[in-house]
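J.: Protein chains in written order, with the working numbering: chain X, 1 to 402; chain W, 1001 to 1229.
If you are wondering where the hints come from, they were derived from the structure by calculation, not from laboratory data.
C-beta: ideal position from N, C-alpha, C; glycine also.
Just so you know, not all the hints are guaranteed correct.
[Said to hold, decoys possible] Partner residues are not named here, just some residues of chain W that face chain X (Cβ under 8 angstroms, in silico):
no.: 1; residue: 1080
no.: 2; residue: 1091
no.: 3; residue: 1097
no.: 4; residue: 1112
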Amino acid sequence: MRGFFYLVKFSYRNLFRAPKRTFIMILSLSLGCGFIIWDLNFAKSGSTEIMKDFLSQYAGQYHISNKHYYTEKNKKEFNIFKTMSDDDIEDKSLILKSTKRVNAPVFISGEKKTLGVLLTGIEVLKEKKLSSLYKVVTVGRFLDDKNEKEIVLGKSLAQKINIGIGEEVAIIGQAVDGSIANDLYKVVGLLDFGGGDLEDSLAFTQIHSAQELLSLPENKYHQRVSFDMETEELPVLKNLAVTHWSMLLPEIGVSMKFVDNFTWIVSIIIVVVVSLGLSNTLMITFFEREQEFTCLNIIGAKASWITWSLMVEVFIMGTIAVVLGAFLGFVATSYCNYQPINIELFTGGKPIIMGGMTLKPLVRIYSVSQYYWKVPLMIYFFLSLTMIYPLSRVIGRSKNAV
Amino acid sequence: MQFELSQIDKVYVSSQENQVFGAKDVNIKIHEGDFMALVGPSGSGKTTILNLIAGLILPTKGSLKHGTEDITSMSLEERTKHRLDYMGFVFQDYQLLPILTAWENIEFPLQLRGFSKNEIKERVDWALAQVGLEKLGNRFPKQLSGGQQQRVSIARAIAGRPQLILADEPTANLDSKTAQEIIELFLKLNKDFKLTFIFSTHDQHLIDQIRTVHYIKDGHISESREHHV
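All chains, please: the whole structure from these sequences, using the hints.
T.: The structure is reproduced here in structure tokens:
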């Protein structure tokens, strides 16, 4: 053990042989490490924040519905005849964490035009508590729980059918008993999703009004939407289907996965590039000491001892660099948490529209703990690969020199 | 203790037609307390013979023994361990580790041998005292003069109380006054502690002070002389 400590001490002292060079190597490695941690934090927390913001407006984290409500192959298609009730849910705690919705594809008629939209009946008070839909109403007001047959609809939809606040629209659809469903609704507010497609195709009313329109009994509805964003694991229900948002919006799920994976690929490329630079510097450093290695061997240091001392030297340097890098990554991430990043900087000032909604431009970055050990491990791995070539060359050459 | 080289040849082959004898039919016996020099011009084969004794290179022909042990049959790692346990080295250009102080440079081979902390301290202090550098142990090599660095190098070689000290042109980089001091130090260590020295040189002034001198020409011992000093 004493021999090992001496080896570590010897290797540590070697770091001060050319302090400027060691400083530059540590700095480049730690800046690389810090940047990668920040970058991964940015990608992960940024995409998570964006998704939370997006999902909390309307889509939710997961939907509980009749097993046959969504079409198996395409979750964008649904069957309004497949309903459910609270009695179907075994785990009653899920009822508290979710809100009921009734969905009806209908025609909406204004003064000049009739268009197809999705009318959703919502529990007004609970929806206000769980989602941020009410925040999207920028003209007029949100639905009032005490009233009925009120409607809020997308701003651009209102423009297309030429309707304003306080006016009435006619809704025509099919009830679940097969009859024609029609009624008049008073427009109380306009939704502003930032100009996305959803503004053309969504309208909301009180759940009782929607149930009445579709001739649904009061206890029947189409789905319960959960906004519990922290829960990644879906509940398992015997009689009902639980559908994650990524199944309902597969294109967004895939693009989020792509962002995550792409960031890792970029990170690995950065580490490989930094490692190649380091490998070259290490090779030069080792070759400069070739005569010394020969001398060490002459006075009794075995080739394996010399190899270990070099490896420990690089390991100590790597450890200082990753600790410093993790600290730099943490500081940069914390700063971007305090001072959010405007993601429109990356789009030339244009808004980012996802799933028909415009995302909020300011993203707060937070630290994801797994990156603080995964990135250093990745750097150690590549650092080990980096050493192989210079070490083998040096050991080979010093043996030949002897 | 006896190091014995018998009918040693060392041939360097750069191509089939071009073969050079680094050592040719070399016969040397080294006994405890010997003070021996290999003398010859540059390229005569002095360093090759020192390298052969150290086991740094293996002979093409002949036997190389330390007591009953056959050095030529040892593996590379075994020969390194053999050098660590039985030999000390002094180099022309000192070869001190710049990152270690004088004290730590002397400590280095003792650490490799696994001596205890107390024993290391005792041996390093003793070696520094022998070379007259007790007060400069905490200095780094670059803070020492050439002569002082060579003294540290000698202290490193003797600290392990080796059976043989090999020195390759130990005075070549020193001025004549310092070179004389180094030789006097070798002679003192040889006399006081019966340390065995073999070194290469071409300094005639020093040769006069050495007991056994082998003159080397084209890898061969052309002449051997015993001086009474």
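J.: Under the constraints set out in the numbered hints, which ones does this structure not fulfil?
T.: No hint contradicted; all consistent.
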